[in-house]
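**Student:** Residue-level listing of the chains:
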Amino acid sequence: MPCLPESDARDVLLVRAFESPFEAPWSDADAAWASREAQRLEGEGALPERFLARRARLAVERLADRGIATGSPISFAWRWLAVPGAFALGVFSDSVAATERINILAPPLLGLLVWNLLVYAALALAALKRSAAEPGPLRGWLVGWARRATHAAGRSPPLARFAADWARVSQPLLGARIAVVLHVCAAALALGALASLYARGLVFEYRAGWDSTFLSPSAVQRILELVLGPASQWSGMPLPDAHELARLRFSHGGGENAARWIHLHAITLAAVVLLPRLVLAATAAWRARRLAAGLPLPLDDAYFRRLLQARSGQAVAVQVLPYSYHPGPELRPGLRAALERRLGSVVRLDIAEPVALGDEDGLRLDGIAGSIPVALFSLTATPERENHGAFVRALAALRRGLVVLVDESGFRRRFDGGELAERLAQRRSAWQRMLQDEGQTAEFVDLARP
Amino acid sequence: MNITLSLVSHTNAGKTTLARTLLGRDIGEVRDEAHVTLEAERHTMVEAPQGERLELWDTPGFGDSVRLAKRLERAGNPIGWFLTEVWDRFRDRAFWSSQRAVRNIVDEADVVLYLVNASEAPQDAGYLEAELRVMALIGKPVIVLLNQLGPPASPQEEAAEVERWRGALHASPCVRAVLALDAFARCWVQEGRLLDAVASALPADRQAAMQHLHGAWRERGRATWHASMAVLAQRLCRAALDREALPPADWTGRLSELGAALGLRRDGPVTPRERAMQTLAERLDADIRQSTDRLIALHGLGGHASEIVLQRLAEHYAVEEPVSEGKAALWGGVVSGALAGLKADIASGGLTMGGGLLAGGVIGALTAAGAARGVNLLRGVEVATIAWDEAVLDDLARSALLGYLAVAHYGRGRGDWTPSEHPPFWRDAVAEVVAPRRAALQDIWARRDRPDLEAALQAWLVDASAALLKRLYPAAHI
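Chains as they are written, first to last, in the working numbering: chain E, 1 to 450; chain F, 1001 to 1478.
With beta-carbon atoms standing in for the labels, derived distance ranges:
#	chain 1	residue 1	chain 2	residue 2	range
1	F	Glu-1432	E	Ser-156	50 to 60 Å
2	F	Glu-1432	E	Pro-333	31 to 41 Å
3	F	Met-1001	E	Asp-366	50 to 60 Å
4	E	Arg-433	F	Glu-1454	46 to 56 Å
5	E	Ser-27	F	Gly-1415	38 to 48 Å
6	F	Asp-1026	E	Ser-156	31 to 41 Å
7	F	Met-1001	E	Pro-333	58 to 68 Å
8	F	Asp-1026	E	Pro-450	35 to 45 Å
A partial selection of chain E residues facing chain F, derived with a Cβ cut-off under 10 Å:
#	residue
9	Tyr-323
10	Arg-414
11	Ser-429
Read the hints as simulated data drawn from the structure, not as lab findings. In this text, a Cβ means the ideal position worked out from N, Cα and C, and glycines have one as well.
Construct the complete structure from the given sequences, taking the supplied hints into account.
**Tutor:** What follows is the structure, encoded as structure tokens:
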């Protein structure tokens, strides 16, 4: 899949939203101009990506001149507020329990450790199960939220289409950026908790000790060895034995000066939370950077194929499959015109034998490989999920970039008169609903009027 | 003895719409979508005085017909197997709906009315062959009705359309007849042909009952028709007798006529003559609306005549008559003109001789078109009155016939009545029917003070409309 820098990818998708089908203020004349200009500026031998990016930049400038504001669909400024917020939360959570006593069993610390370890396990599992680009639940929720915010930004149909396309294409990038913020926040939270301990340790004396209804000193010793053992080994600060621990019960005296415990906790948090989180954040940041520099675009879809074919001066091959419809030869010019308008390029038309109702089950495509498939229906037919829907489904499964045309000429001829507009609207919406369920959109054309 | 018709078709061909039209009442649900009707429903179309009933079943549509036909033919005892199969109503709506339709035909139908969407070409209706195969398996007689034909077409066009479908259907042994019957725009005389076709598809032991039912149906249609002609006769009679007094011409009136004649005028009627004409026109307007509403109600339709009815009427004049002369005629060919003006002038001694002559002369010249047609400035003892000219009344009779066609062709399934475009061949047909009856009509207008004016008009309208229906539907018995 070819890759384009983020801003170029955005431009390309924006232009596509205005070009398939053409929407005001953009026209096929503009499209032809943009292609010509891009070809001239980039030269004959330029890579397709460069041609597309240049063409899109030119088109977006022209669209901006016509008042199409495309600004950033979602502001990301909030992320840098989240980090100090997490830090403050860390500071605050510690000072809430501000009794100058440190429980050497440290339940909040244990909680923090367990939470982070669980997150690592979940991330590892996710990495095994699916590609890293797919977000987990929290990140997925944030990505979904950002997408909805983007959707709300696009009001007109082309802008809404662009917002949806962009949300889909930029999802890995957005996910990586959100991952950076989440990892840095987790690190900041731990740092905040430690900073609070040290800062207050300067002016108060913390006493460290423990108490338990159920645990014996030897059990406590085993727990401490598990949790703080590594930190003790690295720092050379020994952990107390069971005998000494028995003395450190708050109920047997005031505990001891907490300095070594604070150090041990700090080392453990740094090792389990701070460092790994920062490494993960850096990885995500690197991935985001790489994606921003080259976002994969599905350039093999019908639209791009057609643009690139038109650039090389070739006609675009299309294979039209009428379904339970025998369009007469007099409709051929209209069909050609509709397709050339839709695809913005000269087409090489191949009209297949009509597919009979019910024959979609054994559907095969004999046309030229790489041609764009076009499903052609007549609006006089009532759309049925079991037949028309099944046909579209079968065709979309065979080849990508399906174009769906619904010819209104027969319907218009028959119902010309006072109620045409109303009946036309009803029938169109029935077709649209059915096709929507199949993930397609219909283009309604009057083939009798080329 | 009851005779039962099952109305079946591919989904969304408009069964419920046609059933509403045939029954003259709103049943079921109508939406442009597949599988709207889910249960078969029985309705009585007509009841004979002898006690027989003609019943119409509105059924769910066939769906996914090609697969249905293939499966039925593959199975050993196809129909029986299909009906004992329990389809999941929600999982496979198309099949479930087809099963309901088949069951209804098997259990209930004497004759199947199979509706097709004639807006599609027969070769594009891919379900057609499969559904005929299914019905052939059931073995009941089938009458094919062409629906969704669009606005009424001339007899020749309609015959061509029927021929096209007949060609596509000729290989099906179960098809007994092919008829055009659009749920939106059909006429009661076409329903008579439908009942004829039903009768010929029935076995001998049911013929007597069918005859009674056909008689009752025909009586009902004829009664509505006669009642409609009575309503229209009343309208024409009132228009013929309507009078509006012209106030005695005075100074200011004459001055404003002079002003109007010289082109110095405000909008709207300014002269007494124009005001009188407007009053007359407003009464006619209200009357047309009211009688059209009665016609709509007589045909079992809802809704009211609207502005558009009158607009259509005005368009009709514009098309029928050269504009300037037509307008003069529409406004009653009023003559106040030179003589009337001059006489009043002299009597009142108001204007100078020259001024009075000038005013009278100009106005007289302007209304010359009306004057030339020999108009009805009727003089009473005290005041002059104006009335509608014969040419206007002729046009009213023609537009009454057109209006009748517009209401009588309006299918109930279409909802409340709204005026729609008249197909151009209606206008020609009306002209052709009226032409040989023009003298009789002139005779009626000439003696408009006779007591049996309304009866004479009704007789004329019945005769003309019968000829009109015969011309539009040559095969129909009226």
